[in-house]
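Participant: In order, the protein sequences belong to chains A and B.
In this text, residue positions in the first sequence follow the numbering used here: the first is 1, and each later residue adds one.
In this text, residue positions in the second sequence follow the numbering used here: the first is 1, and each later residue adds one.
Fair warning: there could be bad hints in the mix.
Chain copies aren't distinguished; within one or between two, either way the pair holds.
Pairs of lysine to any residue, SDA-like flavour, derived with a Cα cap of 25 Å [said to hold, decoys possible]: (1) K302 / A127; (2) K302 / G229; (3) K302 / A195; (4) K302 / E193.
Hints listed in this document are in silico derivations from the structure and should not be mistaken for laboratory results.
Number of protein chains: 2
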Amino acid sequence: MRERILRELMALIRFPTISAQPGARLAVRDCAAWLVRHMRGLGLQAAAVTHDGPPIVLGEWRRHPDRPTALIYGHYDVQPPDPIEAWTSPPFAPAIRGEHLYGRGASDDKGQLFVHLKAVEQHLRAAGDLPVNVRFLLDPEEEIGSPSLLRFVSSERDRIRADVAVVSDTRILGPDRPAITYALRGSLSMEVEMAGPPRDLHSGNYGGAVRNPLEALCRRLATLHDRDGRIAVPGFYDAVRSVAASERRYLAASGVSEAEAPSASTAAQWGEPGFTPAERSTIRPAIVITGLHGGYQGPGPKSVLPAHASAKLNVRLVPDQDPAEIDRRIRMQLTADDGDPVQVRVTTHAAARPVLVDTRQPAVRAAATAYESAFGRAPVFVRSGGTIPVVDLLSRALRVPTVLMGFALPDDGLHGPDERLHLPTFFRGIETSVRFLSELAVHDRRLSLPRG
Amino acid sequence: MRERILRELMALIRFPTISAQPGARLAVRDCAAWLVRHMRGLGLQAAAVTHDGPPIVLGEWRRHPDRPTALIYGHYDVQPPDPIEAWTSPPFAPAIRGEHLYGRGASDDKGQLFVHLKAVEQHLRAAGDLPVNVRFLLDPEEEIGSPSLLRFVSSERDRIRADVAVVSDTRILGPDRPAITYALRGSLSMEVEMAGPPRDLHSGNYGGAVRNPLEALCRRLATLHDRDGRIAVPGFYDAVRSVAASERRYLAASGVSEAEAPSASTAAQWGEPGFTPAERSTIRPAIVITGLHGGYQGPGPKSVLPAHASAKLNVRLVPDQDPAEIDRRIRMQLTADDGDPVQVRVTTHAAARPVLVDTRQPAVRAAATAYESAFGRAPVFVRSGGTIPVVDLLSRALRVPTVLMGFALPDDGLHGPDERLHLPTFFRGIETSVRFLSELAVHDRRLSLPRG
């Protein structure tokens, strides 16, 4: 049976569903059709829904009107495989070596969404029945910010109503260290452009007499942090919820720092005083300059006083920071008239709210029980520094609790070459999901939210 | 006669002698051979001297052992013609439209070096004789910093010994406003690289906990100037020679600011308090950030905490700043250990000393008389914010005074598309050079330096 499952998963990985590349459109359509066929084969109702963008794949099994419905979210698009020459085997020709299945999307997120499809299959083959109702929502564009899903969720909410949402796109700490992520940072992506002289000037003829937008940009960006590593934007920390000492002790003891947080060996630690490296990248917000561009980019020198300079920023937010409010405060600081004769333009590319899942809710307890039974060890609860915009989107649109049930490992190489899936963990994932669906039925009465 | 001269100059411009492009090597060799033939045709001894690099073209006429020798420097290489689509006629197919000859190098510097060749020709045709001895030194690499000339001058000084050096690679103020440049700023081209984490990291997982080299770079660069526009590097101004009030008044009255200095219409004025825009870009030094690079450069956002950041700097120096000393001070500021966990590396690409020509020396007086006779108006004396490294090189190697006898106009479009030569000014330049050589003989006794 395991061999058949792997053959199926390899077929799914073979579609080069690179959402960032328009040339992948056909592959995305073919992959959606494959998923629809596959779900129908399992006994689900399934459809690929296309509006303007690529198809959103829906599946459902709802034969128990008196029981809760779980909405399982996954994405079938993948990151570009570049640098392609760094792969040991081709990214879209999945290959098994040792305990791993190699291929783009093997872990992020085709392997993880397949975990739940195979769990549903196992229930249906064993009992001809599922313990709860299930809906699948498979996103064709997670890696580029889910624009089509965003429109879909707001216009066709009824097709995905549920009592609990399950998102499988996070990591556990190790093959024997299951984990449930209960917090995600929010994200705000901005761009700052500065314009100085109307055209590039000669640095000999004009240097010293004309405001240089590159220098103005550096000066403004340097004001975003103080010398100690705190963010120096007035009001930036106002809404930051402080984390109880007991929770900080729990997080420190759970060992997440070893697996995920930067260690002295990976990078120079630096950041807000009073917090550990792991805390700085999870329970505290950050402003990261992700790109600087301006003037001459080639080798050697050039005598130019450039007309334009720009920078990209990625802000990571924690509860209860509001992306719009933080956006406003950063804009204010970057565009403040300090007498500099430059034009400043700030663009916001994307914004996502931070997420905090209440770990006491029944669906999270069901997930914890399921992990423990499959992995032989209770999961720890961890906070991630990353962002999954769809989690906040689903929570707000459906007004249901979300459980982040991830099965990726820290060394799966997500977004990099030789991305891989750890097969023993994958099969334990299926066991976890099988048990989770049963547990949801047990916890039914405690799922306190209105039925969809 | 004018038509023949223009035909010859157009032949010279047709060689695409782009020193920055290795593919132009043959064109450079062919152009050198053309120049040698042309000079021999005029009655000069001529040779193209090649060591490792492209040929340096030498010419000489020295039949008066009792008279002084003028070394005339020009360069036959040109800037790349990009953007080529912005040219009205192809850059290497010279075309006359109205009063202008269009083509890459028409003004910078093939037209200007040709002025002197035609002046020598005129003397020799008219009298079979020259009033003084003449040597030509034609550089194949001025636009890329004259590396071959540098080696040549230090190893074969005797072949270019002279009593005065003439460099024709500067501008006058307008067709009826002759000018002699008597000061050039020096130049120092540096690059700063900052290294943070050993590889690009995810800004979600690591943001806030790892030192970002882009931010460290901005912070350091922002320390180079104070808020008012003064350079904030300790000791930077120590050696700056102050300019007498009388000279500042003279420069302000000479009108250079209209033609060359930045005006409100071209760019936002900004700089050192207490000086006019024209002064800031001529008698005062400057630090210009010419390039910024780091992290993600594409469209839209990317969640990256980059491993590397870099910036290019161009420092413009005035007498008596020493490039090595200023280089040391800037390095000290950029690499100072302020506790930031980043590696900083500073590279120096090129350095050239500032130049100040004594306007009272006989050769400059001879040039002034010559301009006045040809243009019907006495030249003004101006300072340039630019740098011609070879001027300092020749002055030091030969220990002779240098005269900057330029004939370019501010709107010749040097280094840009549709570069052009103003033909009436070109022919007045020939008249100027003819008279200059005669004046040098008149001033002979006052040329106080030892004969070469």
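Participant: Work down the list of hints and note, for each, if the structure agrees.
Facilitator: Hint-by-hint comparison with the structure:
Proximity of K302 to A127 under the C-alpha cut-off of 25 Å is found in neither arrangement, the shortest distances being 73 Å within a copy and 46 Å between copies. In this assembly of identical chains, the alpha carbons of K302 and G229 lie at most 25 Å apart only when taken from different copies (22 Å versus 34 Å within one copy). Proximity of K302 to A195 under the C-alpha cut-off of 25 Å is found in both arrangements, the shortest distances being 19 Å within a copy and 23 Å between copies. Taking the closest pair of Cα atoms, K302 and E193 come within 25 Å of each other both inside a single copy (22 Å) and across two copies (16 Å).
Checked against the numbered hints listed earlier, the structure breaks hint 1 alone; every other hint is satisfied.
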